[in-house]
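With chain V fixed as given, assemble chain C onto it according to the hints.
Here are the chains, one letter per residue:
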Amino acid sequence: MVDDQSLETDLKKKKMAKIVGGIGCSHVPAVGAASDFGKTKDSYWTPLFDALPKARKWINDLRPDVVILVYNDHASAFSLELIPTFAIGTADLFKPADEGYGPRDVPDVKGHSALAWHIAESCILDEFDLTIANHMDVDHGCTVPLTVFFDQPEEWPVKVIPLCVNVIQFPPPTANRCFNLGQAIQRAVESFPEDLRVVVAGTGGMSHQLQGERAGVVNTEFDLTYLDNLIDNNEVNRKMSHLEFIREAGSEGIEMVMWQIMRGALDDQVEEKFRKYHVASSNTAFGIICLENKTV
Amino acid sequence: MTYKEKVALRKAFNDIPGTYVLTPEHSQKGYGLNMFCMSLNKEENRAKFRENEAEYLKGYKLTDEQRDAILSRDYLRCLQLGGNIYYVFKIAIFDRRSMQYVGGKMSGVTEEEFRDMMLSGGRSIIGNRSKEEKNG
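Line by line, the protein sequences are chains V and C.
Counted from 1, the first sequence has number 558 at position 184 by the numbering used here; the numbering is strictly sequential.
Counted from 1, the second sequence has number 289 at position 127 by the numbering used here; the numbering is strictly sequential.
Isolated chain C (complex conformation):
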């Protein structure tokens, strides 16, 4: 891979609307946030987080923005701040929320509207391949 190719690939990823690829840069930014989410795999950690969310977060290296995004369950913001969906979804699992609720929240519709969209074939790829195509 040449440097030029690397830059071209980043540009191409950025051109896909509403999509946050876990690139090395993204991963470095989101490491603390994602590892906090990972910790929720353990029941003992879920219990501590349940007891006092803000206090529990002190154990992780997070920016203020990341902390706010977690506490306010702003999944989209979490992604924008370096999160990856499989990690961030663990917060939703903790809250007993479904993936369709999360999908709806990130794309600005209700869980029911999101579920209906999926039942009728999902979000169309047409118009969603690139920002240019989308904004047309």
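Isolated chain V, as found in the complex:
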């Protein structure tokens, strides 16, 4: 029960949560499968997996308590029956979804209910009308990045707040809207009176098209420019239209709007700590970038 007394005690503590890092990362299902079925040493996968220890060390050194994981559901928890543009998972537990193969054999995802509810409240009052999900299975969009960040632990070493974005049904939110939501999330996290270290991950992409006669499109130049611009010219990424994403980066490349939520949750000035770009994992250009706010 929250009474006036405990609210005041909270404020006296003055140890607020803070965002300590941002990650942009693809969530290719085959990367999860390679890990699950012991194929990471195969020559097909070594160029990617051999690069990951450095990223994992950076994440581990950040000592995050919570990861806000921005991803899209791929017809798993949601379908065309109900299409929330943004849905935040407020539960304490999220089960891996059955996407047609049976659920992935990875640990359950533990949530951070109090922080998630706080973000929902803060963002909605800040005029970002999030859908609140108290029950939501999480698919590869959420669990593959966890594998990339943490490998194969018994339990995920962080609590996870899943933030689901519709990018399948047109129109998804614009890149600019995503960036602005990221800023609102930064404000929300920094007003949560608990000493928590929070990482925001924007996932999906990079260039890929799974569908149609144009299936297999990859645009390396686009991807590398997108990564570069995240650092010091993000206005270009943020103002990019849906049409340009789809035409240049493939119909599923539009997932990259979700990276803007991560970018918006960081300061204007950021430093790049790690980057890996690899073509191809399955049908997709794989990218991961790790960012920290620049210390003045």
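Treat the hints with care, as some may be off.
[Stated by the list, open to error] Below, computed lysine-lysine pairings styled on BS3-like, alpha-carbon distance capped at 27 Å: (1) K647(V) <-> K431(V); (2) K469(V) <-> K204(C); (3) K168(C) <-> K613(V).
Bear in mind the hints are in silico, worked out from the structure with no lab data behind them.
Structure of chain C alone, referenced to chain V:
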């Protein structure tokens, strides 16, 4: 958004070769097909579909063309009839087919040829941005 802008955007989407954007129009057309695919997330439904495909499809609102496309595993036709790849891919998962098999089938090459194309950097964007550029 003005009506003019809406029309211009549809035209621009249509100008991207071999690409079926899940617009509101597309989604209305494909609702039954996509929701059938969605049902395959559940093992009990997969078992029923395995037992008798045509019978199982009677539970969904589908056109004859959509039904034929599903039964003949014509993924491209499914997309053209309102399907979205994440939904339609569930039929391929049911058949234990990979995304590269599906990509190859939709673009007229074998799974191996598709895999090789991806390994050598993917399908080039050059010549694939617009129908005009493609047909040049």
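Evaluation of the provided hints:
no.: 1; hint: K647(V) <-> K431(V); in the structure: holds, 11 Å
no.: 2; hint: K469(V) <-> K204(C); in the structure: holds, 15 Å
no.: 3; hint: K168(C) <-> K613(V); in the structure: holds, 19 Å
When the structure is compared with the earlier hints, no violation turns up for any of them.
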